[in-house]
Amino acid sequence: MLMNIILIGINHRTAPVEIREKLSINCEDNDRPLVEIMSVPQIRESLFLSTCNRVEVLAGVSDIHSAVENLKSVIFSLGNLSSKELEKCLYIYHSDDAVRHLFRVASSIDSMVMGEPQILGQVKDAYRRCVEHNSSGVILNKLLHHAFRVAKRVRTETGISSNAVSVSFTAVKLAKKILGDLRGKTILLVGAGEMSELAAKHLMSSGVSKIIVANRTYGQAVKLADDFHGTPINFDLLEEKLKEVDIVISSTGAPGYIIGKEIIASALRRRNNRLMFLIDIAVPRDIDPEVNTIDNVYLYNIDNLQEIVDENISIRMREAEKAETIIDEEVLKFSGWFKTLEAVPTIVSLREKVDEITESELQKSASWMRNLGEEEKENIKILISSVTNKMLHDPITGLKEESQNDGAAPYIAAIRRLFRLDDD
Amino acid sequence: MDVLLFKIALCAYFVSTLGYITSLLFKRVFVARVSTWILVLAFIIHGFSFLFRCMETGHSPFINLYDSLSFFAWTITGTYLAFQVKTKTRVLGAFVSPLAFLLMVVASVQLGGEVSISSILQGRLVIVHVILSVSGEALFTLACCASVMYLIQENFIKNKKGGGYSRLLPSLRDLDRINHICLLWGFPMLTMGIIAGSIWARTAWGSHWQWDPKQIWTMFAWIFYALLLHQRLAIGWKGKKVALFSIVAFLILLFSFVGANTFFITSHRFM
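Line by line, the protein sequences give chains A and B. For the first sequence, our numbering assigns the number 43 to the initial residue and increments by one for each residue that follows. For the second sequence, our numbering assigns the number 28 to the initial residue and increments by one for each residue that follows.
Source of the hints: derived by calculation from the structure; they are not laboratory data. In this text, a Cβ means the ideal position worked out from N, Cα and C, and glycines have one as well. Just so you know, not all the hints are guaranteed correct.
Claimed, not checked - Simulated pairs of lysine-lysine, DSSO-like, Cα-Cα distance not exceeding 27 Å: (1) A/Lys215 / B/Lys185; (2) A/Lys243 / B/Lys268; (3) B/Lys188 / A/Lys215; (4) B/Lys185 / A/Lys265; (5) B/Lys268 / A/Lys218; (6) B/Lys187 / A/Lys215; (7) B/Lys188 / A/Lys218; (8) A/Lys303 / B/Lys113; (9) B/Lys268 / A/Lys283; (10) A/Lys218 / B/Lys241; (11) B/Lys34 / A/Lys218; (12) A/Lys218 / B/Lys187; (13) B/Lys187 / A/Lys285; (14) B/Lys187 / A/Lys243; (15) B/Lys268 / A/Lys364; (16) B/Lys267 / A/Lys285; (17) A/Lys283 / B/Lys113; (18) A/Lys303 / B/Lys267; (19) A/Lys303 / B/Lys188; (20) B/Lys268 / A/Lys285; (21) A/Lys243 / B/Lys267; (22) A/Lys215 / B/Lys34; (23) B/Lys185 / A/Lys303; (24) A/Lys215 / B/Lys241; (25) B/Lys34 / A/Lys252; (26) A/Lys303 / B/Lys34.
Claimed, not checked - Just a few of them, taken from the derived set where beta-carbon distance is under 8 Å, the chain A residues facing chain B: (27) Phe211; (28) Lys218; (29) Gly222; (30) Arg225; (31) Thr228; (32) Asn315; (33) Arg316; (34) Leu317; (35) Glu332; (36) Ile336; (37) Asn338; (38) Ile344; (39) Asn346.
The whole structure should be built from the sequences, with the hints applied where relevant.
See below:
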């Protein structure tokens with residue numbers, strides 16, 4: 043009669059990418075899985091979530107055991123996987139644990155990079171699809187909205203998403219701390235490489251407008267500059283161009299320093315001492331560390347950036363503990379609400395029965411009531427409903443309280459039996 | 028009435044100060060936002076208190092020492108709030124607010140007492156001199172606050188220290204710009220204030236210059252600021268050097284304002 047909440051799925055921790063990708067490819071058309079899941083008879087409400095790092099099904103079911111078995115076969119068939127392969131990776135949660143897992147996922151605690159912002163949007167999309175297909179009901183609606191609130195709480199009350207945890211993001215944050223608004227600034231990209239290009243990309247999306255690319259091979263410079271809509275320059279023009287540049291990102295394979303103290307000092311003079319930020323990603327280093335001693339110049343090498351990242355990651359870990367506490371509180375709150383549901387049908391039936399009795403008795407008295415005035419008839423009706431409400435008030439409140447304490451079952455059974463609520 | 032408004036403004040400055048300190052300690056931006064609004068309230072009420080004072084006493088409200096301190100507090104608050112609108116450097120408020128509060132506390136010493144203005148202080152020129160000089164000094168105070176913050180932030184970034192406070196401080200470039208704007212506007216104001224003062228001095232004491240300690244020290248500070256501004260504009264000084272210089276120049280100015288009166292005998296004393 044009463045629903046149970048279950049959550050089954052796989053994520054980046056339990057399943058290797060080969061298995062995850064099989065499942066997510068077939069789930070590209072995100073409608074089909076939901077339809078298949080809803081066809082399982084024990085499932086009353088369901089939500090299907092599929093991202094590159096997880097595939098999960100959240101459902102309100104009438105019978106946990108059969109529902110789980112059926113769901114498993116749906117998933118196996120969706121992913122074209124053998125049950126043996128998938129069994130190893132599947133996790134199954136129910137009741138409070140399912141709720142807790144959902145809250146953790148929505149708050150990005152379960153993500154590969156804790157604090158990442160995309161997952162909440164992905165969960166919201168999954169919920170929207172679920173609403174479109176009418177696969178959610180009272181319980182999932184309440185649960186999902188609660189999950190969004192929890193995600194918001196975690197985001198605002200803890201610091202899990204406030205610091206950069208990648209080298210390129212750290213570089214961008216530093217640039218902003220030094221140069222302020224990045225719009226209108228110029229970057230010089232020396233050499234090439236994944237990290238430096240990523241940093242350049244992030245800087246561009248923060249408003250940097252001009253990018254100059256230098257490379258020992260002019261052809262390479264042209265290719266890279268093309269990607270960024272920038273200007274390629276010949277390597278020997280580097281010194282000359284430095285005066286126009288606010289941020290330098292260097293990652294060449296050169297064995298020694300290619301940018302020395304004198305070059306920077308002279309560039310600084312020629313640009314009227316405007317601040318400069320240099321990022322040296324190369325190993326061995328491209329930029330002479332002495333450059334950092336120049337006033338108004340700030341040099342960070344790959345180790346410096348990584349230290350900041352490491353520090354931020356450990357901050358996130360500490361903040362994650364706060365987040366878990368918040369999540370525990372919220373699981374308790376949801377659980378409290380969920381338990382009162384147990385009593386709701388009985389309370390409704392009780393009220394309905396009392397209303398029926400009231401109606402039928404009023405009808406029986408219709409004849410002698412005809413002689414009364416409108417006002418008196420009204421007063422009688424009010425009197426009756428007042429009496430019945432007061433009489434029902436204590437048992438109904440008591441039922442709700444017992445639900446909160448997990449002790450409602452015997453009382454529900456007793457009331458149903460004594461009031462003969464199941465006799466129709 | 029003006030005394031009442033003054034006291035309310037004083038309380039508002041105090042609450043605002045507490046708010047800023049709390050927001051720094053607990054890293055909650057919301058508290059800082061509330062504090063800024065309270066500061067706006069303080070500014071408005073304080074402004075009205077000047078109006079009422081002027082109306083009730085019949086003469087301009089910033090002539091004697093305490094009044095001018097009160098006016099000083101009002102000016103730096105106003106200047107900071109103007110900056111806040113443009114550049115959102117809320118952290119500056121954490122420096123300005125306690126400063127304004129302290130100035131008000133000192134200024135409150137004279138509350139309720141009889142206001143005596145030296146008979147010498149007549150004429151509009153005095154008012155012009157005070158307003159311009161105090162405004163100029165207020166801007167330099169702000170420049171000094173920004174410079175202190177610059178040095179703190181610069182230290183974090185140069186020496187690669189993390190620090191949660193680094194996140195709260197504005198960017199180096201923004202702080203440098205505040206310093207620049209304050210110097211650019213403060214210098215002409217102070218200059219004109221000194222000129223107005225010396226013109227008036229002629230009418231009061233017969234000569235433009237009295238070799239008064241306060242005047243001398245103010246001149247020192249003025250020379251420093253002139254040098255600083257020149258280096259900024261002509262040679263393109265920026266950043267750390269400017270910040271250090273601004274602080275030194277301000278300390279000289281501070282001495283001329285506070286110390287000169289205390290340590291030397293000066294005819295520029297109007298209590």
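Now the hints, each set against the structure:
no. : hint                : in the structure
1   : A/Lys215 / B/Lys185 : holds (15 Å)
2   : A/Lys243 / B/Lys268 : violated (33 Å)
3   : B/Lys188 / A/Lys215 : holds (14 Å)
4   : B/Lys185 / A/Lys265 : violated (34 Å)
5   : B/Lys268 / A/Lys218 : holds (21 Å)
6   : B/Lys187 / A/Lys215 : holds (13 Å)
7   : B/Lys188 / A/Lys218 : holds (16 Å)
8   : A/Lys303 / B/Lys113 : violated (37 Å)
9   : B/Lys268 / A/Lys283 : holds (26 Å)
10  : A/Lys218 / B/Lys241 : violated (43 Å)
11  : B/Lys34 / A/Lys218  : violated (41 Å)
12  : A/Lys218 / B/Lys187 : holds (15 Å)
13  : B/Lys187 / A/Lys285 : holds (25 Å)
14  : B/Lys187 / A/Lys243 : holds (24 Å)
15  : B/Lys268 / A/Lys364 : violated (43 Å)
16  : B/Lys267 / A/Lys285 : holds (20 Å)
17  : A/Lys283 / B/Lys113 : violated (33 Å)
18  : A/Lys303 / B/Lys267 : holds (19 Å)
19  : A/Lys303 / B/Lys188 : holds (23 Å)
20  : B/Lys268 / A/Lys285 : holds (20 Å)
21  : A/Lys243 / B/Lys267 : violated (30 Å)
22  : A/Lys215 / B/Lys34  : violated (43 Å)
23  : B/Lys185 / A/Lys303 : holds (16 Å)
24  : A/Lys215 / B/Lys241 : violated (46 Å)
25  : B/Lys34 / A/Lys252  : violated (54 Å)
26  : A/Lys303 / B/Lys34  : violated (57 Å)
27  : Phe211              : violated (14 Å)
28  : Lys218              : holds (6 Å)
29  : Gly222              : holds (4 Å)
30  : Arg225              : violated (12 Å)
31  : Thr228              : violated (14 Å)
32  : Asn315              : holds (4 Å)
33  : Arg316              : holds (7 Å)
34  : Leu317              : holds (6 Å)
35  : Glu332              : violated (13 Å)
36  : Ile336              : violated (10 Å)
37  : Asn338              : holds (4 Å)
38  : Ile344              : violated (13 Å)
39  : Asn346              : holds (5 Å)
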